[in-house]
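Peer 1: Chain residues, written in single-letter form:
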Amino acid sequence: MSDWPLLSLITFLPLLGAAFIFFIRSEPEVVARNARAVALWFSLGTFVLSLWLWFSFERGTAEFQWAEEVLWIPGFNISYRMGVDGISMPFVLLSTLLTPLCILASWEAIKVRVKEYMIAFLVLETMMVGMFCALDFVVFYIFFEGVLIPMFLIIGVWGGARRVYSAFKFFLFTLAGSVLMLLAILAIYFETGITDIPTLLDTRLPPEMQTWLWLAFFASFAVKVPMWPVHTWLPDAHVEAPTAGSVILAGVLLKMGGYGFLRFSLPMLPEASALFTPLLIYPLSIIAVIYTSLVALAQEDMKKLIAYSSVAHMGFVTVGIFTVTQQGIEGAMIQMLSHGVVSAALFLIVGVIYDRMHSRLIERYDGLVERMPAYALMFMVFMLASVGLPGTSGFVGEFLVLVGAFQVNTAVAVLCASGMVLGAAYMLYLYRRVIFGKMTKEDLRTILDISWREKAIFAPLIAVVLWMGIYPMSFIDVMAASVANVIDNYEAALAAAEGPSLAALLPVE
Amino acid sequence: MISLDLTSALPEVFLACAAMVLLMLGVFRRAGSTRLVLVLTVVVLAVALLLIVFSPDDRALAFNGLFVTDNFTAYMKVLVLLGAALTIGMSLGYIEREQMDRFEFPVLMLFATLGMLAMVSANDLISLYLGLELQSLSLYVITAFRRDTVRSSEAGLKYFVLGALSSGMLLYGSSMVYGFAGSTNFEALAEVLAADLAFDRTPSLGLIVGLVFLLAGLAFKVSAVPFHMWTPDVYEGAPTPVTAFLASAPKVAAMALIVRVMVGPFGDLFEQWQQIVVVISIGSMVLGAFAAINQTNIKRLMAYSSIGHMGYVLVGLAAGTEAGVLGIVVYLAIYLIMNIGTFACILCMSQEGRMVERIEDLKGLGKSNPLMALAMTILMFSMAGIPPLAGFFGKYFVFLAAIEAGLYALAVIGVLASVVGAFYYVRIVKLMYFEEPAEVLDRPIGAVLRLMITGTSLAMVLFLLVAGPVVGGAGAAAAALFAG
Numbered sequence: 041m042s043d044w045p046l047l048s049l050i051t052f053l054p055l056l057g058a059a060f061i062f063f064i065r066s067e068p069e070v071v072a073r074n075a076r077a078v079a080l081w082f083s084l085g086t087f088v089l090s091l092w093l094w095f096s097f098e099r100g101t102a103e104f105q106w107a108e109e110v111l112w113i114p115g116f117n118i119s120y121r122m123g124v125d126g127i128s129m130p131f132v133l134l135s136t137l138l139t140p141l142c143i144l145a146s147w148e149a150i151k152v153r154v155k156e157y158m159i160a161f162l163v164l165e166t167m168m169v170g171m172f173c174a175l176d177f178v179v180f181y182i183f184f185e186g187v188l189i190p191m192f193l194i195i196g197v198w199g200g201a202r203r204v205y206s207a208f209k210f211f212l213f214t215l216a217g218s219v220l221m222l223l224a225i226l227a228i229y230f231e232t233g234i235t236d237i238p239t240l241l242d243t244r245l246p247p248e249m250q251t252w253l254w255l256a257f258f259a260s261f262a263v264k265v266p267m268w269p270v271h272t273w274l275p276d277a278h279v280e281a282p283t284a285g286s287v288i289l290a291g292v293l294l295k296m297g298g299y300g301f302l303r304f305s306l307p308m309l310p311e312a313s314a315l316f317t318p319l320l321i322y323p324l325s326i327i328a329v330i331y332t333s334l335v336a337l338a339q340e341d342m343k344k345l346i347a348y349s350s351v352a353h354m355g356f357v358t359v360g361i362f363t364v365t366q367q368g369i370e371g372a373m374i375q376m377l378s379h380g381v382v383s384a385a386l387f388l389i390v391g392v393i394y395d396r397m398h399s400r401l402i403e404r405y406d407g408l409v410e411r412m413p414a415y416a417l418m419f420m421v422f423m424l425a426s427v428g429l430p431g432t433s434g435f436v437g438e439f440l441v442l443v444g445a446f447q448v449n450t451a452v453a454v455l456c457a458s459g460m461v462l463g464a465a466y467m468l469y470l471y472r473r474v475i476f477g478k479m480t481k482e483d484l485r486t487i488l489d490i491s492w493r494e495k496a497i498f499a500p501l502i503a504v505v506l507w508m509g510i511y512p513m514s515f516i517d518v519m520a521a522s523v524a525n526v527i528d529n530y531e532a533a534l535a536a537a538e539g540p541s542l543a544a545l546l547p548v549e
Numbered sequence: 114m115i116s117l118d119l120t121s122a123l124p125e126v127f128l129a130c131a132a133m134v135l136l137m138l139g140v141f142r143r144a145g146s147t148r149l150v151l152v153l154t155v156v157v158l159a160v161a162l163l164l165i166v167f168s169p170d171d172r173a174l175a176f177n178g179l180f181v182t183d184n185f186t187a188y189m190k191v192l193v194l195l196g197a198a199l200t201i202g203m204s205l206g207y208i209e210r211e212q213m214d215r216f217e218f219p220v221l222m223l224f225a226t227l228g229m230l231a232m233v234s235a236n237d238l239i240s241l242y243l244g245l246e247l248q249s250l251s252l253y254v255i256t257a258f259r260r261d262t263v264r265s266s267e268a269g270l271k272y273f274v275l276g277a278l279s280s281g282m283l284l285y286g287s288s289m290v291y292g293f294a295g296s297t298n299f300e301a302l303a304e305v306l307a308a309d310l311a312f313d314r315t316p317s318l319g320l321i322v323g324l325v326f327l328l329a330g331l332a333f334k335v336s337a338v339p340f341h342m343w344t345p346d347v348y349e350g351a352p353t354p355v356t357a358f359l360a361s362a363p364k365v366a367a368m369a370l371i372v373r374v375m376v377g378p379f380g381d382l383f384e385q386w387q388q389i390v391v392v393i394s395i396g397s398m399v400l401g402a403f404a405a406i407n408q409t410n411i412k413r414l415m416a417y418s419s420i421g422h423m424g425y426v427l428v429g430l431a432a433g434t435e436a437g438v439l440g441i442v443v444y445l446a447i448y449l450i451m452n453i454g455t456f457a458c459i460l461c462m463s464q465e466g467r468m469v470e471r472i473e474d475l476k477g478l479g480k481s482n483p484l485m486a487l488a489m490t491i492l493m494f495s496m497a498g499i500p501p502l503a504g505f506f507g508k509y510f511v512f513l514a515a516i517e518a519g520l521y522a523l524a525v526i527g528v529l530a531s532v533v534g535a536f537y538y539v540r541i542v543k544l545m546y547f548e549e550p551a552e553v554l555d556r557p558i559g560a561v562l563r564l565m566i567t568g569t570s571l572a573m574v575l576f577l578l579v580a581g582p583v584v585g586g587a588g589a590a591a592a593a594l595f596a597g
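Protein chains in written order, with the numbering used here: chain A, 41 to 549; chain B, 114 to 597.
Only chain A is shown next, with the shape it has when bound in the complex (with noise of 0.2 Å):
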């Protein structure tokens, strides 16, 4: 079915529309609204090629579809391999999706340098579709890491007041975690002879090699997910990041990280997945989510406590990922997928007022029903889907997610579920103090309601959210095979190896 190469025409087709950017020369009026046109078309072109990936894709087989091979640097056996498969091909659409509404909520939010703007932001999205479709470990890599650039020059160009300090923090912090996975990808390498991703997942490696190779994947990805406590670069960087910069943050660069521990971590290196799940995973993804919603429900600053409560979310899909049952991995792709749209929402929903007053800060809005009351339901909707209300997508992930703890290990079950309470606590507070009450600011008296732009950025959002939460098996259904064909490679490896022991692991003298 492969016949042309649809996963290259994603990947590319934004970097194209980069370069129709940059050759636009005239009045900087007419660049700029060239621009924005442009990579809204070229964002709008991509997110329905990408529709013809969703609706082509064939259910029921873990096998990489649309798969793609030119050999690149033949000395080393290190060829341009694409593909997905039912893990991958949800975050190629949640990529697509997000970048064209990005675009749509800079629209007006961004004003100076537009044109560097919408060409970091379509070569952002060729990045992120890259890495998702790459299925050599080089080529993944690389655009891994190529993410950074966009990403820091937007957050450092067009983010607020301590914008540079952010913008440091993101980058040597990531940088810092990959670069130790890039070692990891260097030593596979070198003990197999290959970066082919479908060939290495089948492929054993010796298991006192794994904890090492774990822990060096382990420092990117706990870092991108971002996982307790690396989690520090994550609410300066979205506090400061531009609306859409939060957006793409919270929506694509944290599921990179779970991505990650599903892709590489667990099938590759099952033996140290089991040993370290219990070490590492479970405790901390545990403090992620009581302790960051805590500190959540203490935030001034609406985009803070959302970033806050995208640590506590990806508490919960880590754990999912590492329970390594049905149900829990299918509630981590369930909560990661839900959680890009959502919160990428909550992120737009403040930018909307931000938009208007220019404040992030709680205690600067009150009452805003009574001048917004279509902006109130729209940010009830995403509010109930962040808390986990049923008929939401935030729900069916978390709820997966729960089933598979229980089935592993009840104390984490419980302690993961007590977030769920205080992430109810920290939304609702948050919806209180800026939707209800009298609205006593004067300034407040003339903000108006949410243009038709804005609806329009919202619908599909929305539609998703309530698709996911009360249909998901649409979604299910993706990814069941590729699910199951990950569980059942796992446990194989694990009885191959006899059951994981720290005596296999560590070498004892």
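If you're looking for bench data, these hints aren't it; they were derived computationally from the structure. Note that the Cβ used here is the ideal one computed from N, Cα and C, for glycine as well. Keep in mind that the hints are not guaranteed to be accurate.
[What the hints assert, rightly or not] Not the full set, but computed from the structure, chain A residues with beta-carbon under 8 Å of chain B:
id	residue
1	I113
2	I182
3	L188
4	G196
5	K209
6	F211
7	A216
8	L220
9	L222
10	L226
11	L337
12	A338
Fit chain B to the given chain A structure using the hints.
Peer 2: What follows is chain B alone, placed relative to chain A:
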């Protein structure tokens, strides 16, 4: 086979003759001949480059075994000539503006390049020294070429004194090697050491001491820690085109020389020299990363940057394998191009006709000259080794070799140093884009420089597409070194 076979040394012979002709031309035409001589110098270098590209690939000896050519020398010479031609080409505008337009300038650079080619092809400690000195003496002079400024003269003097010291060490080491092994020829040395190894004799201590001195002298030339002290001062003091030249072609030549000496004649002493190389490599990477953070002068920054880069190259040597040499070759090729691009940008930094070299002067370049800022950004991210830019691939292949050789600690220290290094490269990007312009840099920039900047930054981005052939060529070069 061993004879005075001049054909394999044709490019060098051509270069030497051409240099003397150009010297004559300059002397007889006197005033106003600089531009002509400089352009002809670039043409001569280009012809030499073609001669090398179209010369046969097989290994050949000349001058009674003093001189060797093979795939490795060919690849390295192409890099040296490319670096020399580009840096000489871009110096034209500068020397005319700064009243340095004397015809000796390009001719001296040509002689230095000739010395470098001789270094790359050296197959004997004598020819090694000969090439090295021809290169060094020419470089001392052009460093001090602006003799009416204190900084340039000071840099030249400092370079000369310390360079002479390192040459002394090198000579001392060579004489010890000769004394204890009985030969200066690389192949003869290799045989002696192989015989030692075959009969399980420990190599004599004198030979090892000689090797250490030799390595110290060579480490000076690539400015590896702890022999780096001259670099920041000389880079800062020398006229900018000279700094660009110093940071590109001689580095490649000296590194090629180290690789040949270590892998060729002293290949059997691998265990002895590996420890030294690991230490100086770690030292260079770490110092290059940390010392650059506080620099305010962009040329000093580039000096520390080049120290750091040499550290990464030495990682490949520490592996001591064919993969390691491949990594070195790829790294040097990429380093050369991005270094030239960066110096082309530095050469564009002038305000009201006056050259400036504070890093602060780049403030707000993203607004005042977007295209140059974009090019500089690409070059800086490439220097930091962020994919998909070329710099990443250099690091990839040297670290691959290090992992393969089991040097895990070295690799971990190396990548962490690269994160620290990324900080100061990215700081330049920050200045250009995140801050408002203070004083605007002059525009427009010259056509040659614009071409150079565009070309190099495009090369950084498009390296992806040519990675296969470049790495393949480097593989052939590395294989040549290990065949003999």
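Peer 1: Indicate, hint by hint, whether the structure satisfies it.
Peer 2: Consistency of the hints with the structure:
Taking 8 Å as the C-beta cut-off, the interface hint given for I113/A holds, the closest approach to chain B being about 5 Å. Hint status for I182/A relative to chain B: holds, with the closest Cβ pair at about 4 Å, below 8 Å. Interface restraint check for L188/A: the shortest CB-CB distance to chain B comes to about 6 Å, inside 8 Å, so the restraint holds. Among the interface hints, the one on G196/A holds; its C-beta lies about 5 Å from the nearest C-beta in chain B, closer than the 8 Å criterion.
Violation of the interface hint for K209/A is found here, the shortest Cβ-Cβ separation to chain B being roughly 11 Å, above the 8 Å cut-off. With 8 Å as the threshold, the beta carbon of F211/A comes within range of chain B, its nearest partner Cβ sitting at about 6 Å, so the hint holds. Interface hint status for A216/A: upheld, as the beta-carbon distance to the closest one in chain B is roughly 5 Å, under 8 Å. About 7 Å separates the beta-carbon of L220/A from the nearest beta-carbon of chain B, less than 8 Å, and the hint is met.
With a least beta-carbon distance of about 7 Å to chain B, the hint placing L222/A at the interface is held under the 8 Å criterion. With its C-beta approaching chain B no nearer than about 4 Å, L226/A sits inside the 8 Å limit, and its interface hint holds. For L337/A, the interface hint is violated, the least distance from its beta-carbon to any beta-carbon of chain B being 33 Å, above 8 Å. Residue-level restraint check for A338/A is violated (minimum Cβ-Cβ distance to chain B is 30 Å; threshold 8 Å).
Figure legend: structure checked against the earlier numbered hints; hints not met, in rising order: 5, 11 and 12.
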